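There are 2 protein chains.
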Amino acid sequence: MTWRIELVGTRQPSVIVGGEGALALLAERAAMVREAGLRTFVVTDENVKAAWGGSMAPLISGSSGVEGLRVLSPGEAGKSAASAAICWDWLSKAGARRDDIVVAFGGGMVGDLAGFVAATYLRGVRLWQVPTTLLSQVDSSVGGKVAVNLPNGKNLVGAFHQPELVVIYPGFLSTLSASEYSSGLGEVVKYALLSDGRLLDVLETKTAAILARDPATLSSIVEQCVAFKAAVVEEDETDRGRRAILNLGHTFGHALESTLGYHVLPHGAAVSLGLLAALAVSEVVVGLPTDTRARVVRLLANLGLPTRMPGLTFEPILEAMGRDKKATAAGIGFVCLDSIGAPRWGVRVDDETLRRGLKAITP
Amino acid sequence: MTWRIELVGTRQPSVIVGGEGALALLAERAAMVREAGLRTFVVTDENVKAAWGGSMAPLISGSSGVEGLRVLSPGEAGKSAASAAICWDWLSKAGARRDDIVVAFGGGMVGDLAGFVAATYLRGVRLWQVPTTLLSQVDSSVGGKVAVNLPNGKNLVGAFHQPELVVIYPGFLSTLSASEYSSGLGEVVKYALLSDGRLLDVLETKTAAILARDPATLSSIVEQCVAFKAAVVEEDETDRGRRAILNLGHTFGHALESTLGYHVLPHGAAVSLGLLAALAVSEVVVGLPTDTRARVVRLLANLGLPTRMPGLTFEPILEAMGRDKKATAAGIGFVCLDSIGAPRWGVRVDDETLRRGLKAITP
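From first to last, the protein sequence lines stand for chains F and S.
In terms of my numbering, the first sequence opens at residue 222 and continues consecutively.
In terms of my numbering, the second sequence opens at residue 222 and continues consecutively.
Just to be clear, a hint being listed does not mean it is correct.
Taking lysine-lysine pairs in the DSS-like style, the calculated list, with each CA pair at most 25 angstroms apart, reads [as the list claims (entries may be wrong)]:
1) K375/S - K314/F
2) K314/S - K270/S
3) K314/F - K375/F
4) K375/F - K375/S
Ranges of calculated distance between the beta carbons of each label pair, as one might list FRET restraints [to be verified]:
5) P537/S - E249/F: 35 to 43 angstroms
6) R463/S - R461/F: 27 to 35 angstroms
7) G230/F - E288/S: 36 to 44 angstroms
Pulled from the structure, derived: some chain S residues nowhere near chain F, Cβ distances all over 10 angstroms [stated by the list, open to error]:
8) K314
9) T341
10) G345
11) P372
12) S395
13) V453
14) V505
15) V507
16) R516
17) T528
These are computed hints drawn from the structure, not numbers from a lab.
The structure displayed is predicted, hence computed values, not measured ones.
Even glycine gets a Cβ: it sits at the ideal position worked out from N, Cα and C.
Turn these sequences into a full structure, and let the hints guide you.
This is how it looks when you write it as structure tokens:
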């Protein structure tokens, strides 16, 4: 089973293919572009190379003494301006051209960094994304947002640059750590809340298959998440309006991550808690029925995600939310949920209400 | 006299205003955005600050201990990824937001660097260009190409990011060095060859006023160059087709600069020689009448630009042309002139013909 979704309303078209046959298709495409005299430059990290180096091999072009593969140290620390500079120098030394292709083979860190490099080298070269984590498959590899971190915050420097091709192979998910896998599930639940309710039903009824990482179940879930995201991105590629809904739970989530430390709170846990806080805020601000949050608490708990975080001190979290990069002079635009499948964005929320959101997740 | 040109077919609209009243308009706009609670972050260099610091003052916002002004060392060396990283950190420490404005106040180096920073900080913030050299007024400040250099070559990393506002004040030109002024004149002659012949007549008949830097004459010439460039950019913002014509003379010019060294050959001189080589190639490839080149040699000489460079060795120059960043797997796309005002791009030119171009400029 292979599925295919096309993003056509964007500055550059983007084709997303997924399923068991995706890796074979990737190798075939790489052979085609090489026959056309073009080169592919692969960026990955040590962990992904150790697990999937064999699948990478057909993608690596050699060239005049410069290797067509760049292996980064894993982890967010490598997603820096300094790493981008190293990759730019690598491409320029290899004589990479406008019609050559950067292949981001790895999780969100690799995709964001290599994507930013591809967006800016020669003012933009072709980009393929091969996301190997659940988080990057359902979220960061699709839609063209690429970025690096600054010492002062995550993703503060970046671009919008659509990958020409995204290849989503469910087999990659079998080698993820429990924490990496959970990180993606938090994001999947976000899509379930934003979309029409069918995905939420699937997550509730197929929890066991999800936890067992059944490839067919996951492939179908990832497809639904990607289809939803693709439609949102087509409508608002550069994040001036409706794309903000994809931030549901993330204003809280990012503030929790940065306040508690990224190593203390994995992204999936932060999103899980952030979603619940956002639902609590939605109850106050737009009258979301309270049984929705109870239902989501059950689902998140069944998926192994945290639903409470003891001992939060509110003030530093509220301060971090004020520094959120989506903030403008007019304040934070907050994403609320009227009901399942009915988000609204740009909602002004006062600090007292944000505190009520935090109270909902700290016992 | 103030003139105004709007770029509307681009991803983001861009308004270009020029003339004696341009600086007053800039100060007024800055006051308006500050009244709206937004901030302006000015990037400049030491030379421009020394000459025009007073005109900058109304543009500088203070903020919680972080100065709203960043003064770079002058020269291309500062247009690096490392400088961009310093500017990103500066903006993030100042808490600059999406609707705040980066103001590039200086020549091409400042505009390219600050523009790249604005294109990428928070995936793009607002940008104003205040070009202070003739070269940046007629060329680099308009059209949204921004970039930094790599050790391996100029402008290898960048983006397309339209300035919301470009303010072109002819008074800035009075403080330019002879070499900086000449650099711009080379580019002006390029526009005269690309456009319909009227600008070429103006340059020939008003040579004395141009050399005397008469503000009214210059303002009108700059307006014509910008109007021509704006129309080309509207048609092909991201440089996939016709925008290539703006590269007339530059494939040779860049190769001469990089082979001889940027300090040996100022940009204007390189463009002057490059234009003549491109005209010689055009005679061979597309039958440009030879009297055109004779006419252009006279004009360039009258404007104080070089028309011959003794002792060129051809092979390294041809090699540098092969490494041009516009090159694709299919080869260099060369810009030729059928006649004044009739350029064509993407022309395949063999090495023997390129050598004939170089022979035309080396005695």
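Hints versus structure:
1. K375/S - K314/F: With Cα atoms ~13 angstroms apart, K375/S and K314/F stay inside 25 angstroms; holds.
2. K314/S - K270/S: Distance of about 23 angstroms is within 25 angstroms: holds.
3. K314/F - K375/F: With Cα atoms ~29 angstroms apart, K314/F and K375/F exceed 25 angstroms; violated.
4. K375/F - K375/S: Since the Cα atoms of K375/F and K375/S sit roughly 29 angstroms apart, the hinted pair is violated (cutoff 25 angstroms).
5. P537/S - E249/F: 35 to 43 angstroms: Given about 40 angstroms between the Cβ atoms, the range holds.
6. R463/S - R461/F: 27 to 35 angstroms: holds, 28 angstroms
7. G230/F - E288/S: 36 to 44 angstroms: holds, 42 angstroms
8. K314: The assertion about K314/S is violated, with a minimum of 6 angstroms to chain F.
9. T341: violated, 5 angstroms
10. G345: violated, 7 angstroms
11. P372: violated, 7 angstroms
12. S395: Fine: 33 angstroms to the nearest Cβ keeps S395/S off the interface.
13. V453: At roughly 16 angstroms from the nearest Cβ of chain F, V453/S sits farther out than 10 angstroms, so the non-interface label holds.
14. V505: At roughly 26 angstroms from the nearest Cβ of chain F, V505/S sits farther out than 10 angstroms, so the non-interface label holds.
15. V507: holds, 25 angstroms
16. R516: holds, 35 angstroms
17. T528: holds, 32 angstroms
The structure fails hints 3, 4, 8, 9, 10 and 11 (numbered hints given earlier, in ascending order).
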